[in-house]
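*Asks:* Protein chains in written order, with my numbering: chain A, 1 to 140; chain B, 1 to 140; chain C, 1 to 140; chain D, 1 to 140.
Just so you know, these hints were derived from the structure itself, not from any lab.
This list has only true hints and no planted wrong ones.
Simulated crosslink set (DSSO-like; lysine-lysine; CA at most 27 Å straight-line):
hint: 1; chain 1: B; residue 1: K70; chain 2: A; residue 2: K51
hint: 2; chain 1: A; residue 1: K51; chain 2: A; residue 2: K69
hint: 3; chain 1: D; residue 1: K69; chain 2: C; residue 2: K51
hint: 4; chain 1: A; residue 1: K51; chain 2: B; residue 2: K69
hint: 5; chain 1: C; residue 1: K51; chain 2: C; residue 2: K70
hint: 6; chain 1: C; residue 1: K69; chain 2: C; residue 2: K51
hint: 7; chain 1: A; residue 1: K51; chain 2: A; residue 2: K70
hint: 8; chain 1: C; residue 1: K51; chain 2: D; residue 2: K70
One letter stands for each residue in the lines below.
Protein chains: 4
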Amino acid sequence: MRTIRSLDVEDARILIAGAREKAEEIGVPMCIAITDEAGNLLAFERMTGGKVTSITIAIDKSYTASGAKKATHEYGAASQPGAPAYGIASAIGGRLMVVGGGLPVMDGGDVVGGIGVSSGTPAQDMEVAQAGIDRLMSRA
Amino acid sequence: MRTIRSLDVEDARILIAGAREKAEEIGVPMCIAITDEAGNLLAFERMTGGKVTSITIAIDKSYTASGAKKATHEYGAASQPGAPAYGIASAIGGRLMVVGGGLPVMDGGDVVGGIGVSSGTPAQDMEVAQAGIDRLMSRA
Amino acid sequence: MRTIRSLDVEDARILIAGAREKAEEIGVPMCIAITDEAGNLLAFERMTGGKVTSITIAIDKSYTASGAKKATHEYGAASQPGAPAYGIASAIGGRLMVVGGGLPVMDGGDVVGGIGVSSGTPAQDMEVAQAGIDRLMSRA
Amino acid sequence: MRTIRSLDVEDARILIAGAREKAEEIGVPMCIAITDEAGNLLAFERMTGGKVTSITIAIDKSYTASGAKKATHEYGAASQPGAPAYGIASAIGGRLMVVGGGLPVMDGGDVVGGIGVSSGTPAQDMEVAQAGIDRLMSRA
Chain A
1 MRTIRSLDVE DARILIAGAR EKAEEIGVPM CIAITDEAGN LLAFERMTGG
51 KVTSITIAID KSYTASGAKK ATHEYGAASQ PGAPAYGIAS AIGGRLMVVG
101 GGLPVMDGGD VVGGIGVSSG TPAQDMEVAQ AGIDRLMSRA
Chain B
1 MRTIRSLDVE DARILIAGAR EKAEEIGVPM CIAITDEAGN LLAFERMTGG
51 KVTSITIAID KSYTASGAKK ATHEYGAASQ PGAPAYGIAS AIGGRLMVVG
101 GGLPVMDGGD VVGGIGVSSG TPAQDMEVAQ AGIDRLMSRA
Chain C
1 MRTIRSLDVE DARILIAGAR EKAEEIGVPM CIAITDEAGN LLAFERMTGG
51 KVTSITIAID KSYTASGAKK ATHEYGAASQ PGAPAYGIAS AIGGRLMVVG
101 GGLPVMDGGD VVGGIGVSSG TPAQDMEVAQ AGIDRLMSRA
Chain D
1 MRTIRSLDVE DARILIAGAR EKAEEIGVPM CIAITDEAGN LLAFERMTGG
51 KVTSITIAID KSYTASGAKK ATHEYGAASQ PGAPAYGIAS AIGGRLMVVG
101 GGLPVMDGGD VVGGIGVSSG TPAQDMEVAQ AGIDRLMSRA
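Using the sequences plus the hints, can you model the full thing?
*Replies:* Given below as structure tokens:
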């Protein structure tokens, strides 16, 4: 038997609030998804103007970040042509996201969940995801 | 050209808050999903204790209710063996939900979105979904 | 943040060993799957003679039992024509199993995972799954 | 009519044991999957700390190696931009894995199954998969 620490829905709301505020600040409406330690969806919001195609992308970025315990943009670098993880982007029916915007949420050295953001550029998505984590960390 | 009226994310939060309060009142933690007029996910929350299997079920109940402009339990009656819609339950890769807990959200005679609830009995899911709608209507 | 207790791979091996021994005793080679608290696969074995079609069925029975915190045969009763959960069998792309052979694994009142068995009759599958749980409980 | 030689579940356990020991030695907890000659899952284990996203990836690496009778990293080379198999990575709904960590298991010149490993770097996954094969060969 093992004991696992994971985000709950209260944490998820704080993550979304922090991300949303940054998205408003930079003027890019986003889809924002939060998954628990196991990669299962905890909470989601699509801001007015967030893209329909970004619903699944945000959820899958968050799934990838929490399930693989790695930021999605790290996979982006590792999966370039010629790099060792080339081709990983289509794994798990395409759920394995290698585009920036998915970040693991850490607590005391453990991955406890993930946040996935989509609708802007990958750099904007990453900035907004990080703002969600910063908000949660400031509350901890 | 046409103009479409639809729920937005602010409405979605009110729907979720009303549903969550009822779920807490009856002591059944739920997955709660809100979709817009087009059936696309607007917002989602899984309360602590909400079932992992209910994530997709709640989203698909809401998708069915807004997309088909019909409560999912109405499909339940219409899809019994021998009834005209028998077999519809497995349509759209299984996304067409015929179990109670998905309700269309109406505004002035138009369907403007849906709410889907899952983790309890179908009767509990329907009660919690209705509480979400009641909350939104009381704000209108 | 929340703390979750879950089966680990050592527990999974004990569950499989207990189930396999019962399957050998009744002379029905089985597919046996173990999932963690979140419904994710921990371990799997297909005995010689276990059915190819039962691979996914065993995994999905275990997923359903741990994710929905309910034995799959309970869904079987609740999803008969005319019953409240009629139609649930095709949910989650057909992963929601309502055929007997999936059991939640409990520990101190909490669901900590699931076991799913397939290749025999539902009654045989249930008996073999229960034998896995009995083995784990006798070690606790 | 033809006769097929294939791994059985006893072989699968030896393959997993050899792989697991190497994974422990290098300190990288892994998902380890074994498929038979036909590409169907025989056995699977997720070590504590093995990634959730790697469940499907390990199974699909093994499926690819036994089904295509080729190591997955060979596809990695052949599917680079400009190479003949470019684009194959998304085939079969993304199940065709081109990332290292899937190896065919040979016996007397025939492919009799596959092993797929995931959670580390592709080089680590390959090393662990090879250790499983080495263990089986040493028993033959």
